[in-house]
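J.: Count the sequence shown with this note's numbering and you get residues 148 to 685, in order.
Just so you know, the hints here were simulated from the structure itself, not pulled from any lab data.
Check the hints yourself; a few may be wrong.
To be verified - Below, computed lysine-lysine pairings styled on DSSO-like, alpha-carbon distance capped at 27 Å: (1) K461 to K448; (2) K396 to K361; (3) K448 to K321; (4) K321 to K506.
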Amino acid sequence: MSTQFHDALVIGAGFGGIYQLYSLLKLGLTVKLVERAGGPGGTWYWNRYPGATSDTPSHLYRYSWDKEDLQSYQWSHNYLGRNEVLAYLEHVVDRHDLRRYMQFHTEVVSAIWNEDNCTWTVGSSQGSFTARYLITSLGIVTEPNWPNIPGRDQFRGSLYHTARWPDQYGLKSKRVGVIGNGSSGVQVITAIVQDVESLVCFQRRPQYIVPAGKRAVSREERDEINKTYDEIWQKARQEIGGMGVEEAKTSALSVVDEERERIYQAAWDDGGAFRFLLGTFNDLILNEESNRTACDFLKKKIHQIVQNPEKRRKLIPSELYARRPVCADGYYEQFNRENVDVVDIAENPILEFIRDGIKLANGTEHKLDVIICATGFNAFDGAYRRINIVGREGKTLKEHWKDGPITNMAVATAGFPNLFMIVGPQAPLTNVPPTIEAHVEFISGAISRAEEHRKEQSTSPVPAKTLIESTEEGEAAWGGLCNAISEAALFRTAASYFNGVNVDGKPRSVYVFIGGLNMFLQTLKECEESEYSSFHPF
Numbered sequence: 148m149s150t151q152f153h154d155a156l157v158i159g160a161g162f163g164g165i166y167q168l169y170s171l172l173k174l175g176l177t178v179k180l181v182e183r184a185g186g187p188g189g190t191w192y193w194n195r196y197p198g199a200t201s202d203t204p205s206h207l208y209r210y211s212w213d214k215e216d217l218q219s220y221q222w223s224h225n226y227l228g229r230n231e232v233l234a235y236l237e238h239v240v241d242r243h244d245l246r247r248y249m250q251f252h253t254e255v256v257s258a259i260w261n262e263d264n265c266t267w268t269v270g271s272s273q274g275s276f277t278a279r280y281l282i283t284s285l286g287i288v289t290e291p292n293w294p295n296i297p298g299r300d301q302f303r304g305s306l307y308h309t310a311r312w313p314d315q316y317g318l319k320s321k322r323v324g325v326i327g328n329g330s331s332g333v334q335v336i337t338a339i340v341q342d343v344e345s346l347v348c349f350q351r352r353p354q355y356i357v358p359a360g361k362r363a364v365s366r367e368e369r370d371e372i373n374k375t376y377d378e379i380w381q382k383a384r385q386e387i388g389g390m391g392v393e394e395a396k397t398s399a400l401s402v403v404d405e406e407r408e409r410i411y412q413a414a415w416d417d418g419g420a421f422r423f424l425l426g427t428f429n430d431l432i433l434n435e436e437s438n439r440t441a442c443d444f445l446k447k448k449i450h451q452i453v454q455n456p457e458k459r460r461k462l463i464p465s466e467l468y469a470r471r472p473v474c475a476d477g478y479y480e481q482f483n484r485e486n487v488d489v490v491d492i493a494e495n496p497i498l499e500f501i502r503d504g505i506k507l508a509n510g511t512e513h514k515l516d517v518i519i520c521a522t523g524f525n526a527f528d529g530a531y532r533r534i535n536i537v538g539r540e541g542k543t544l545k546e547h548w549k550d551g552p553i554t555n556m557a558v559a560t561a562g563f564p565n566l567f568m569i570v571g572p573q574a575p576l577t578n579v580p581p582t583i584e585a586h587v588e589f590i591s592g593a594i595s596r597a598e599e600h601r602k603e604q605s606t607s608p609v610p611a612k613t614l615i616e617s618t619e620e621g622e623a624a625w626g627g628l629c630n631a632i633s634e635a636a637l638f639r640t641a642a643s644y645f646n647g648v649n650v651d652g653k654p655r656s657v658y659v660f661i662g663g664l665n666m667f668l669q670t671l672k673e674c675e676e677s678e679y680s681s682f683h684p685f
């Protein structure tokens with residue numbers, strides 16, 4: 148099988164890969180996009196479990212670069228379900244005739260840098276490719292994290308992971324166990340509970356969960372958004388979260404108890420995880436005393452909603468409100484059903500899967516027809532670790548990241564020339580599409596400059612090598628900033644995928660930048676304006 152050469156190869160057909168393909172084609176480059184799935188969508192292709200929903204407001208969970216489509220493409224609710232997100236991405240691909248540049252069912256297994264001709268050779272399940280530039284859009288939450296529980300092969304019922312949900316499944320009148328209570332866990336529980344015979348939630352750490360507040364959006368509301376879309380996007384890019392939330396400016400400790408209660412109640416009534424975290428007070432992620440006021444409010448809500456004292460005890464968290472914020476409508480109410488229970492596997496761990504269910508450490512057996520692993524992802528760098536990426540002098544990316552990933556603005560890493568990442572490790576914890584757009588435009592700008600340089604040097608007796616590579620200093624500076632901001636925030640105290648605690652054996656590190664979308668965009672802009680000072684350019 149012959150090797151195909153392209154100016155650029157893009158891996159991944161989610162939000163990032165689609166826009167990167169479009170942008171590089173606009174530069175006149177030869178580009179191929181490869182994707183292991185059977186179609187576009189990225190994480191929304193794989194996460195097809197019942198109830199899968201975005202928790203970013205719909206009018207901002209889309210591209211801003213196609214202004215005509217932004218105005219004309221309709222959405223039905225303030226939060227998009229999985230099928231609507233997937234339909235939107237399919238629409239963008241077809242609107243811009245991008246499908247003919249995409250190759251699906253193609254899993255990349257290796258990418259090796261060739262120093263002599265400054266190209267990447269990429270091996271895949273469908274042959275090999277060579278490219279001058281390699282752009283990875285592998286996604287933050289694409290690699291399933293299966294629980295490390297013995298006996299998986301013994302179970303004779305149906306075993307699903309929310310991130311690899313089958314096309315055909317049956318839950319009607321089944322005894323169902325759900326392991327995990329993060330975003331996917333609470334969404335799937337609230338979606339299926341009315342259909343099953345019984346449901347048991349196996350949770351290690353209870354979560355603070357606020358209502359989503361999902362509702363239909365009227366034509367009049369969409370028209371109002373269309374009138375001020377430019378201003379809406381401009382404001383979002385100046386925010387910490389980029390969620391279109393009116394971010395709070397006051398401390399939780401600066402108001403009297405009654406006013407604080409009123410503000411929390413208004414956020415609870417509105418719904419939305421980031422509305423509650425960012426729109427109530429400005430120091431919930433920075434000040435422990437302030438954070439505990441939010442914890443107290445949410446614990447009181449659980450007390451009010453959950454009637455059974457033992458279920459209530461298990462559902463009330465003891466940690467701070469410092470994990471990835473989660474929302475779902477009616478979650479706690481489901482535990483008032485007689486056929487819904489919760490098991491605390493921190494105090495009574497799962498011992499093993501057995502033929503007809505799950506056995507706990509104390510010997511209790513739960514008879515189940517279906518087990519759903521809502522155990523999340525090997526997030527941020529998991530997708531990179533499944534590919535053998537080899538840079539300068541034969542050093543692998545796994546070796547470079549053995550103590551945890553380190554990147555330059557989540558877009559590049561030292562020792563791997565002409566390799567770019569869209570929303571790689573240490574990307575900001577924000578609304579993802581505007582972060583993706585910023586990365587794609589940064590990458591496209593750098594490649595455009597590099598191509599100009601290459602063409603200028605093409606007549607030289609010794610043509611210059613076209614390289615764009617992060618400096619070690621640039622990488623260290625970004626990693627240092629990520630660490631410094633993380634130390635100042637409460638997220639560091641929680642066991643979550645922000646620091647790798649959710650995956651057995653994963654290095655404990657800082658996997659996200661929590662300085663906000665506004666600071667991230669400013670850093671990218673300053674790098675461009677300084678002629679890529681943290682890179683070895685061209």
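J.: Each of the hints needs a verdict: does it hold here or not?
T.: Structure-based check of all given hints:
Taken as a hint, the K461 and K448 pair is honoured in the structure, with Cα atoms around 14 Å apart against an allowance of 27 Å. Simply put, K396 and K361 have alpha-carbon atoms about 26 Å apart, close enough for the 27 Å limit, and the pair holds. As the CA atoms of K448 and K321 are separated by approximately 30 Å, the hinted pair breaks the 27 Å bound. Restraint check for K321 and K506: satisfied, since their Cα atoms lie roughly 18 Å apart, inside the 27 Å limit.
In this structure, only the earlier hint numbered 3 is contradicted, and the remaining ones agree with it.
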